[in-house]
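A.B. asks: Dock chains B, C and D against chain A, hints included.
Number of protein chains: 4
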Amino acid sequence: MKIKQGDYVLLYLDKRRKYLVKVVPGKEFHTHKGILRLDDVEGKEYGDIVKTHLGVSFRILKPLLLDYVKKFKRGTQVIYPKDAALMIVMAGIGPGSRVVEAGTGTGVLTALLAHFVKPHGLVYSYDISKKNLENAKRNLKAVGLDRWVVLKLGDVTEEIEEKNVDAVFLDLPSPWLAVENSYRALRHGGIFVSFSPTINQVEKTVEALKSQDFIDYDAVEVILRRYKVERGSTRPETFMIGHTGYIVFARKP
Amino acid sequence: MKIKQGDYVLLYLDKRRKYLVKVVPGKEFHTHKGILRLDDVEGKEYGDIVKTHLGVSFRILKPLLLDYVKKFKRGTQVIYPKDAALMIVMAGIGPGSRVVEAGTGTGVLTALLAHFVKPHGLVYSYDISKKNLENAKRNLKAVGLDRWVVLKLGDVTEEIEEKNVDAVFLDLPSPWLAVENSYRALRHGGIFVSFSPTINQVEKTVEALKSQDFIDYDAVEVILRRYKVERGSTRPETFMIGHTGYIVFARKP
Amino acid sequence: MKIKQGDYVLLYLDKRRKYLVKVVPGKEFHTHKGILRLDDVEGKEYGDIVKTHLGVSFRILKPLLLDYVKKFKRGTQVIYPKDAALMIVMAGIGPGSRVVEAGTGTGVLTALLAHFVKPHGLVYSYDISKKNLENAKRNLKAVGLDRWVVLKLGDVTEEIEEKNVDAVFLDLPSPWLAVENSYRALRHGGIFVSFSPTINQVEKTVEALKSQDFIDYDAVEVILRRYKVERGSTRPETFMIGHTGYIVFARKP
Amino acid sequence: MKIKQGDYVLLYLDKRRKYLVKVVPGKEFHTHKGILRLDDVEGKEYGDIVKTHLGVSFRILKPLLLDYVKKFKRGTQVIYPKDAALMIVMAGIGPGSRVVEAGTGTGVLTALLAHFVKPHGLVYSYDISKKNLENAKRNLKAVGLDRWVVLKLGDVTEEIEEKNVDAVFLDLPSPWLAVENSYRALRHGGIFVSFSPTINQVEKTVEALKSQDFIDYDAVEVILRRYKVERGSTRPETFMIGHTGYIVFARKP
Numbered sequence: 023m024k025i026k027q028g029d030y031v032l033l034y035l036d037k038r039r040k041y042l043v044k045v046v047p048g049k050e051f052h053t054h055k056g057i058l059r060l061d062d063v064e065g066k067e068y069g070d071i072v073k074t075h076l077g078v079s080f081r082i083l084k085p086l087l088l089d090y091v092k093k094f095k096r097g098t099q100v101i102y103p104k105d106a107a108l109m110i111v112m113a114g115i116g117p118g119s120r121v122v123e124a125g126t127g128t129g130v131l132t133a134l135l136a137h138f139v140k141p142h143g144l145v146y147s148y149d150i151s152k153k154n155l156e157n158a159k160r161n162l163k164a165v166g167l168d169r170w171v172v173l174k175l176g177d178v179t180e181e182i183e184e185k186n187v188d189a190v191f192l193d194l195p196s197p198w199l200a201v202e203n204s205y206r207a208l209r210h211g212g213i214f215v216s217f218s219p220t221i222n223q224v225e226k227t228v229e230a231l232k233s234q235d236f237i238d239y240d241a242v243e244v245i246l247r248r249y250k251v252e253r254g255s256t257r258p259e260t261f262m263i264g265h266t267g268y269i270v271f272a273r274k275p
Numbered sequence: 023m024k025i026k027q028g029d030y031v032l033l034y035l036d037k038r039r040k041y042l043v044k045v046v047p048g049k050e051f052h053t054h055k056g057i058l059r060l061d062d063v064e065g066k067e068y069g070d071i072v073k074t075h076l077g078v079s080f081r082i083l084k085p086l087l088l089d090y091v092k093k094f095k096r097g098t099q100v101i102y103p104k105d106a107a108l109m110i111v112m113a114g115i116g117p118g119s120r121v122v123e124a125g126t127g128t129g130v131l132t133a134l135l136a137h138f139v140k141p142h143g144l145v146y147s148y149d150i151s152k153k154n155l156e157n158a159k160r161n162l163k164a165v166g167l168d169r170w171v172v173l174k175l176g177d178v179t180e181e182i183e184e185k186n187v188d189a190v191f192l193d194l195p196s197p198w199l200a201v202e203n204s205y206r207a208l209r210h211g212g213i214f215v216s217f218s219p220t221i222n223q224v225e226k227t228v229e230a231l232k233s234q235d236f237i238d239y240d241a242v243e244v245i246l247r248r249y250k251v252e253r254g255s256t257r258p259e260t261f262m263i264g265h266t267g268y269i270v271f272a273r274k275p
Numbered sequence: 023m024k025i026k027q028g029d030y031v032l033l034y035l036d037k038r039r040k041y042l043v044k045v046v047p048g049k050e051f052h053t054h055k056g057i058l059r060l061d062d063v064e065g066k067e068y069g070d071i072v073k074t075h076l077g078v079s080f081r082i083l084k085p086l087l088l089d090y091v092k093k094f095k096r097g098t099q100v101i102y103p104k105d106a107a108l109m110i111v112m113a114g115i116g117p118g119s120r121v122v123e124a125g126t127g128t129g130v131l132t133a134l135l136a137h138f139v140k141p142h143g144l145v146y147s148y149d150i151s152k153k154n155l156e157n158a159k160r161n162l163k164a165v166g167l168d169r170w171v172v173l174k175l176g177d178v179t180e181e182i183e184e185k186n187v188d189a190v191f192l193d194l195p196s197p198w199l200a201v202e203n204s205y206r207a208l209r210h211g212g213i214f215v216s217f218s219p220t221i222n223q224v225e226k227t228v229e230a231l232k233s234q235d236f237i238d239y240d241a242v243e244v245i246l247r248r249y250k251v252e253r254g255s256t257r258p259e260t261f262m263i264g265h266t267g268y269i270v271f272a273r274k275p
Numbered sequence: 023m024k025i026k027q028g029d030y031v032l033l034y035l036d037k038r039r040k041y042l043v044k045v046v047p048g049k050e051f052h053t054h055k056g057i058l059r060l061d062d063v064e065g066k067e068y069g070d071i072v073k074t075h076l077g078v079s080f081r082i083l084k085p086l087l088l089d090y091v092k093k094f095k096r097g098t099q100v101i102y103p104k105d106a107a108l109m110i111v112m113a114g115i116g117p118g119s120r121v122v123e124a125g126t127g128t129g130v131l132t133a134l135l136a137h138f139v140k141p142h143g144l145v146y147s148y149d150i151s152k153k154n155l156e157n158a159k160r161n162l163k164a165v166g167l168d169r170w171v172v173l174k175l176g177d178v179t180e181e182i183e184e185k186n187v188d189a190v191f192l193d194l195p196s197p198w199l200a201v202e203n204s205y206r207a208l209r210h211g212g213i214f215v216s217f218s219p220t221i222n223q224v225e226k227t228v229e230a231l232k233s234q235d236f237i238d239y240d241a242v243e244v245i246l247r248r249y250k251v252e253r254g255s256t257r258p259e260t261f262m263i264g265h266t267g268y269i270v271f272a273r274k275p
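Protein chains in written order, with my numbering: chain A, 23 to 275; chain B, 23 to 275; chain C, 23 to 275; chain D, 23 to 275.
No wet-lab data here; the hints were simulated from the structure. Fair warning: this is a prediction, and the values are worked out from it, not measured in the lab. Warning: the hint list may mix true and false statements.
Since the list can't tell identical chains apart, any single copy or any two copies may satisfy a pair.
What the hints assert, rightly or not - Below, a list of computed lysine-lysine pairs in the DSS-like style, where the Cα atoms sit at most 25 Å apart:
hint: 1; residue 1: Lys159; residue 2: Lys37
hint: 2; residue 1: Lys250; residue 2: Lys104
hint: 3; residue 1: Lys55; residue 2: Lys226
hint: 4; residue 1: Lys185; residue 2: Lys73
hint: 5; residue 1: Lys159; residue 2: Lys24
hint: 6; residue 1: Lys92; residue 2: Lys55
hint: 7; residue 1: Lys84; residue 2: Lys185
Looking at chain A on its own, in the form it has when it is part of the complex (with noise of 0.2 Å):
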């Protein structure tokens, strides 16, 4: 499968060099090693290699969703990866499977739950900043999932329109404010899903939780530990994100 105009490729360096770039007649990509002029990209075939004008090789891939949602980043705080896989497997989620989410920010929470939802499934995600829901749009489409996805304008602490969903997300300030609508929204048996960054929202959307007869609700931390591999001289990284955030799950009787 050749590479063609508007693709997206991974020019991968090594580890820490890696750019997600559209392939666009004429442009051309600066690096550290020299120019990668993107007329040389077209054509080739993913796992190909492509040099700079200073003879730097690059080697040309297929870029995963998770290439792509890196690049949704911009300046706000974004679910981790880490983060993201746990929720989505303990939610129980899956092919044809209904979410509401809130907020959508970026989209790349939204972009992981409608990958997984696909084909059949759907994803309702609400922000109450219009400027984040045409961003996401972009976003989305940009990796070819938006029609999976109904973004909607509006406050979860107000209402939730869905009914019977199989899970519901959020990212919110103040989860607590829509534990209740959560829990009108979700079908029995549903999961409840929330990601906060303190321990002080989680204490209050656990609480919420208990007085709203929810059950089972379980709060953890995903802690992700890197590793300098190294024959020989094998240790985790020094530097490390030490925290991102606490996950509350919980379950609708």
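C.D. replies: Same frame as chain A, now just chains B, C and D:
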């Protein structure tokens, strides 16, 4: 949707006491809080309550895949959701993916993979033990995922028959011996994922990946910390699972 | 130096089976590996071997302070060496320091403090329970550290009589109530240290410190991870203590 | 006690901006908040305030040993307080202990050991670099701890001259090569402690300890997690030091 004979239900008392039970006419389920007659469950709806002969109430819940999967555990060590979740999301698989897995074991990871590649994907799961494969077959049938899995008696360190697969998942004592075959089985851009309890296995696997032209490798560990959340006295749980295993990722260029 | 009557010895079989025993004439010590006659220990040297009636060898070791301190544990929660160590080093105390501590509890932290302020320093240890103080007194006498400790029946949230002390160590349910008195008791540049199991206690304590003109405060947690080290199969222990408590430090300007 | 010429003071603006400065007449200290004249510091008391030419207030604090020790850091990797603390407490040393250490490096651990073995103990600190020893000598003199340290030019993998010491502390690239000499240098019941960044060093050291008749060995890692404590929005710090090194303990029987 009323519960009928042969259905599985999750009988829920509290967070630590929830039981996956098959509704068989005339059968009883004995708990510390008294006896439940499964005939009392039949005909009820999910979310309803059933009482033991001592008058203690259990909620009847529709089990999630993870509730089933916990029942797969039989003696041998199984992959935890925290690890499986990251492996699945980082591997970039989803609905439609073709995946090779080894070894099958009790089928916990197999079931999760099958769940996420539905409805058009397929999991080729190898094990060298006939007994494991038979047990896994039963487990996969029980959760209705058997038709997305091809169980294969065989040793992936000797041969992987599939080509152009999207990902290879290894949970083997010597994953490094299967690196070369994994490379051949993967499509360009496909992802290698391996899970191992010891750091020495990680070291050998990463070395094999390097000498096999894999790129973008990463070795990580997922640490899950649970919290005891009570208003005014929130704290991490005293006892925790300190280690399950390391995960190695790599990409075929 | 020969072992004599009344000495304490550590009888060591392996890492998990080591016993602190007082050498009493005519007494026997029963182990899973047979009976040891303490008369056989008397007159031996540290490092020698003694055998049970079943012929199993135990090493006779001179106990360290930490070996004694583990024996202090009686029901109530005690401070772990990992936490006590950081508290002591960060507090900047050492030989000659004058330290206030509350509550005494079984005297574990008291003993460690006394050990490190020897031979010219002093620990003033408050507890509101007469029973605790009596128990701690016995424990401190047993390890020969009682003369560096002044045990005081009293409530530090009401009064700390000492002035110009180098550090205050609190292990109390409501440490924030003792912040003001700690401030008065400390010398300029003196260190406040508090240990608490819940994050809410930390929040309240730090708030009290801020409003009391303390500076340079820090809230930390020490996580100790143990490894199972075997050539070619090294890994962290599966089960670990996930949480003991948080430590708060501050400095009086 | 008034501050006089030649004294060291800690000039404190906030948690992240505190500076260890020697009071030299006529000298100025330049900060981002303006210039401090050290003549203004002389004659003040600890706890007093001094102002920059821009009117910003700094507190004058009496430095703790750890404040000095942080200044020792010069290029080479040094032991963190979290690790040094556990090593010292677990080694059972205290006032009066005789300790062997290698390598000296900048003298951070040396200073802490000297501080805790005062006033009757002694630290024998080996290094193979004359330059290191000279640097350490200056550092130890600056903190007034030089008379409890014997700095020795030598390689402990070849010889340790001392006998019957209470503990041996190793921070060397190949600690396993010094295990035999450590055994000979230790008294019965004495403690071996080693600090190493990689897991492979740990594996080799533990193997050497096993074959050398050491007992009661333990390999651990100290992870320090800092918290950002604010009323209502408390959370762990986003960035953390994920790894410094592993600590190995063992006991000579």
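A.B. asks: With reference to the structure, classify each hint as holding or not holding.
C.D. replies: Here is how each hint holds up against the structure:
For a Cα distance limit of 25 Å, the shortest separation of Lys159 from Lys37 qualifies neither inside one copy, at 29 Å, nor across copies, at 39 Å. Proximity of Lys250 and Lys104 under a CA criterion of 25 Å is satisfied in both settings, with 18 Å inside one chain copy and 21 Å between copies. Neither within a single protomer nor between protomers do Lys55 and Lys226 lie at most 25 Å apart by alpha-carbon distance, with minima of 50 Å and 31 Å respectively. In this assembly of identical chains, Lys185 and Lys73 lie within 25 Å of each other by CA distance neither inside one copy nor across copies; the values are 54 Å within and 29 Å between.
Neither within a single protomer nor between protomers do Lys159 and Lys24 lie at most 25 Å apart by alpha-carbon distance, with minima of 28 Å and 40 Å respectively. In this homomeric assembly, Lys92 and Lys55 come within 25 Å of each other (Cα to Cα) only inside a single copy, at 22 Å, whereas the closest approach across copies is 38 Å. Taking the shortest alpha-carbon separations for Lys84 and Lys185, only the inter-copy value of 17 Å comes in at or below 25 Å, while the best intra-copy value is 38 Å.
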